[in-house]
Amino acid sequence: MRPMDDVWNDISSLPSPATTTHFQNFFAPALRPPSPATISFHPPPSPTTMLTLLTTTHSDHQDPNKRLKPNPPPPPPPPPSIFTAPTASPPEYTEKFRRLMKNRESAARSRARKQARADELEHEVMRLAKENAKLKRLQKEVKIIIFYYF
Amino acid sequence: MPRERDPLVVGRVIGDVLDSFTRSMNLTVSYNDREVSNGCELKPSQVVNQPRVDIGGDDLRAFHTLVLVDPDAPSPSDPNLREYLHWLVTDIPATTGARFGQEVVCYESPRPSMGIHRMVFVLFRQLGRQTVYAPGWRQNFNTKDFAELYNLGSPVAAVYFNCQRESGFGGRRR
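First to last, the sequence lines map onto chains A and B. Under my numbering, the first residue of the first sequence carries the number 1, and numbering increases by one thereafter. Under my numbering, the first residue of the second sequence carries the number 1001, and numbering increases by one thereafter.
Think of the hints as simulated: they come from the structure by calculation, not from any bench. One should not assume that every hint holds.
What the hints assert, rightly or not - If you want a taste of the chain B side facing chain A, the calculated C-beta under 8 Å gives, among others:
hint : residue
1    : Gly1015
2    : Ser1020
3    : Val1036
4    : Pro1074
5    : Pro1093
6    : Gly1101
7    : Ser1167
To be verified - Partner residues aside, some chain B positions facing chain A, computed with beta carbon under 10 Å:
hint : residue
8    : Arg1005
9    : Asp1006
10   : Val1010
11   : Arg1012
12   : Leu1042
13   : Pro1044
14   : Gly1115
15   : Phe1146
16   : Tyr1160
Backbone N, C-alpha and C fix where the C-beta goes; we use that ideal spot for every residue, glycine too.
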């Protein structure tokens, strides 16, 4: 299993121009039909969408834990209210989730260690049992030879 | 019917350090007359000095290379120094031991500070006597690449033990 940090690095290595272009494309349909004089890549968005855009990009700089997904941009975060959970939208990037994943990995390693040790001991036991049987057989044969000749 | 799995696979040594291989030689590693078996636990104080390593085979003209690596450096949850090279001995003749070979990278005793580390011994058969150059540094060594570079092929034997900090901060609470 890849450590969490690998996943983080993959996500954070997204170049920012791509994400801003993505946002531009998101709003592109609103352009059609473009006015001949001005081909604007930044059409004046409606007040609500503008607010959304600002909120998302602003939170980008604020919180290094939150990263934009490479796929379709996430829906705008719900307006803050007393009913929303204290930890905001993408649950995957919260500190709590990180700790959970780390703990799971640690537990998995622990189980693997335990199982590997048990398997090794099983092999050892089988090997020693075989050797023991062989030695006992040899001992019998030696006894017979001694008895026969003396 | 007991479930039999290869401890090297279950312990992820095959996976993290090596690819699957067939054991074809005996490799016996002992620290202070205590033989290392896969997955056994040894304390740093027990592995301060280099172990006695005996290898099998029957032809004194066959030479072998031994490496000891830590794939869990500096910590198994974030092994960014994987693999840390602790020991590298070459030109070991079959039927003899590591003390008959050429120590290219001297033994550095394991001193894990965080977590439980696997310490893996890997034995390769050389095509002939060869000059092996020590890497510039011990961290981020890659056993597979090393084997490819020197035409060592697949390992002929491997064994690993677990090691964690003796006491104090960073080790496992008991």
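| Violated constraints from the hint list, given by number and in increasing order | 1, 2, 3, 4, 5, 6, 7, 12, 13, 15
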